[in-house]
Every structure is written in structure tokens, then in C-alpha cells.
Amino acid sequence: MSTLTTDQLSDGRLIVPERVPEGFLWVDEKGAWSEDNFLGSFLFALLWCGTSFSFFAVWLFNFLTAPHVGTFLMLLFVGVFAGAGVGMIWKGLRWLKIISTFHPGEVLLASYPLRTGETFRLQFRRPLRRGYIQGLGEITAKWLCYEWVQYRQGTDTETRTHMLWEQDLPLMTISTGTQVVTYETKLTVLPEGPPSFDAKHNQVRWEIHISVDVPGIPQDTTHFRFAVVPEAV
Amino acid sequence: MFEMHFHNKLVTVGNELSGKLVWYSPDLHLPRQASAFVYWYTEGRGDRDDQTIFTIPLQPEQLIRDQRVDFPFAVTIPHSGPITYNGSLIRVIWAVQAWVKLPRSSKRDHTQTWPFLVMPR
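For the record, the sequence lines run as chains A and B. Note that this note's numbering gives residue 15 to position 15 of the first sequence, counting from 1, and the numbers run on in steps of one. Note that this note's numbering gives residue 89 to position 89 of the second sequence, counting from 1, and the numbers run on in steps of one.
Isolated chain A (complex conformation):
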């Protein structure tokens, strides 16, 4: 059975949906602009990049003026940190591009919580902040159930997952001119599947992962986690 990579993992929080006339609404907070998050990440990246880039420049200069093994090894060492800084900038710019293009993703369910064996309709929408989609895009989605555990190993916190069940949902095309990306599908909670379990270090998660891929904007995946109660339909 497969496991999930760090990028594929949701932040794991089981949020309480908002009650709306049509049912229950989840809004992906990760896709929303947050000044606190932005400022914190920006200041950290600034400090990291400022320091690592300066050291890298100094050792690059040393290497170019007096090339020998010692300066080369030092250049490699600081290069790792500078590379991480470049990665941070790339991720930050990618995130800015996504959230400046789209409003946060939303999911609507008619009833909640879910029960084992229950079939339900899910509606996803993600409006553009301005303009419309140019070119053809696509939405892909996965409905999955997995075990998630966390444990301490020395001073590190390790995370492991084990996929119990995974279903690829039908792909949908996003046409040119779309202003609100929408996706509707029917899902079933596996009748013999386990209900959700939500403890601090051990969890059984039921999630939908919805990826929006449109030309000119980095692909973005929104995760929504649902509670499945121990009750059969």
C-alpha cells in the first residue's frame, strides 16, 4: 500500500464546517490570504536568505580569488543553505501567484458528519479573484482514507502514513472563460471502511484532495478532511 509524501499530506486539522442553508461548508484556510502567516514566513525567509546568500557570496568570492579544496568545500556547505533559500523564494512566489489568482477553495456537503456506507454529493468551487481562465485546464480529485501517526525518535518528530483506501475521481476539464472553477461528484464512504479517529498522535483520516491545474498558474491541491462517525447507513 502506498504512503503519502509530505506535500500530499493535509495539515490534518478536522475543522468544524459552517452551517449554511444548502448544508455544510468548508473553506480552505490555507488558500486564504493571512497577514500573520505572510509576515512570519516573509521575515523568516528574509533572515535565512540574507544570511545564507551573504555567506555564499563571500565564499564564492574567496573561491574565485583563491581556488583550493578548502574554499570549494566551504562553498558547497554554504551552497546547501543558499539552495534552501532559493527553494523558499520559489515556494513563496508560487504561493503568492496562486492566492492572488484564486479565492480559497470551498466544499459543500448536504449532510454531515458522514457515516460508513453513505453515498453523498460533494460540490467544490474556487472562484477567481479577477478575470477568467485563459486556455484549457483540468481538475483531478482523489477520495482517500489513511492512517496517520506521529512519534518521537530522539529529538525528532517522525510522521508515517499508511493508505487504507484510495479512489481516483473522474477528471473534469475547465474551459476557457471560466470565472468560478467548480467540481461536483458523488462519493461513497466504504461500507467496510473504518470511521475517523482523531487523537493527537494517531489518526484515521478521510479526505478529498482536489487539484486545480490551469495554464499559467502553478497546480494547487486543496485538502478537505471529513469526520466519519462509527455508524453504518
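Hints are computed from structural coordinates only; laboratory data are not their basis. Be aware that one or more of the hints could be misleading.
To be verified - Straight-line C-alpha distance at most 16 Å; calculated EDC-like pairs for lysine to aspartate or glutamate:
| hint | chain 1 | residue 1 | chain 2 | residue 2 |
| --- | --- | --- | --- | --- |
| 1 | A | Lys186 | A | Asp168 |
| 2 | A | Lys200 | B | Asp47 |
| 3 | A | Lys200 | B | Asp49 |
Stated by the list, open to error - Here are some of the chain A residues that sit facing chain B, going by a computed Cβ distance under 10 Å:
| hint | residue |
| --- | --- |
| 4 | Ser54 |
| 5 | His162 |
| 6 | Val204 |
| 7 | Glu207 |
Unchecked claim - To give an idea of the interface, some chain B residues facing chain A are shown, with a C-beta separation under 7 Å as derived from the structure:
| hint | residue |
| --- | --- |
| 8 | Gly46 |
| 9 | Asp47 |
| 10 | Asp49 |
| 11 | Pro78 |
C-beta atoms are modelled at their ideal positions from N, C-alpha and C, and glycine is treated no differently.
Fit chain B to the known structure of chain A by using the hints.
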């Protein structure tokens, strides 16, 4: 020390687990502290999680030598569970645990655990 008599060892969520904890000890060393509770805990790869759902009221003074003392209990298992689960990385186990701390001279604590099953509705 203790004996456990479950009325039902298999319970569905939202229903009642009931039984009787019975004390009997011919031992001269009577406990200084004692407690008993219904709880769930996890085993497996992750760090342990646990939660006590119900504490069976018992006091060390009630535990008398050479005399059977019954502690009946009834507890409703939450609708949200968790259920008993045996997965690849996680196991969720429900149990009743009784624990006594014996006098210093005997130098030992004594713990007894009786698992039971919680099923979905």
C-alpha cells in the same frame, strides 16, 4: 485482588457497558491507594494516546481483607467512539483498568486490565 464480571463484553457506540468489579484479597497488605477506570488507548507505531471515559468510584478504605466487595458500574460509550480498531500503524484498545498501590513494606503496585470491544452502530 480484583475480578471483573462484564455484563456485555461487546458494546456498540452510544450503548452502555456495565459490569461488576469484585475485590477479594487475603493479603495482609491492604492498598493505600486504589482506582479503577474505563478508558481507551492506542498501540502501534505512533506515540500513545489515551483517554479515560469513566472512573469507577472506589476508595482504599472499602477494600477490606478476606471480604468480597462489589463495585458495580455502568458507563455509556460515546457515540463518536472510538471503536476498537486493529490497523497497520494503529490499534485502538478499550479496557477497564484497576490499580492499587500497596504499602511501602510490600514494595509493589498492582495493575489489572480487562479489555472489551467497542463496535460501530
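How the hints compare with the structure:
1. Lys186/A x Asp168/A: holds, 12 Å
2. Lys200/A x Asp47/B: Holds, at about 9 Å.
3. Lys200/A x Asp49/B: Between Lys200/A and Asp49/B the Cα gap is close to 7 Å, so the pair holds against 16 Å.
4. Ser54: violated, 40 Å
5. His162: holds, 5 Å
6. Val204: Since chain B brings a Cβ to about 7 Å from Val204/A, closer than 10 Å, the hint holds.
7. Glu207: violated, 16 Å
8. Gly46: holds, 3 Å
9. Asp47: Holds - the Cβ of Asp47/B comes within 7 Å of chain A, reaching about 4 Å at its closest.
10. Asp49: It holds, given that the least Cβ distance between Asp49/B and chain A is near 4 Å, below 7 Å.
11. Pro78: Nearest chain A Cβ about 10 Å off; hint violated.
Checked against the numbered hints above, the structure violates hints 4, 7 and 11; every other hint is satisfied.
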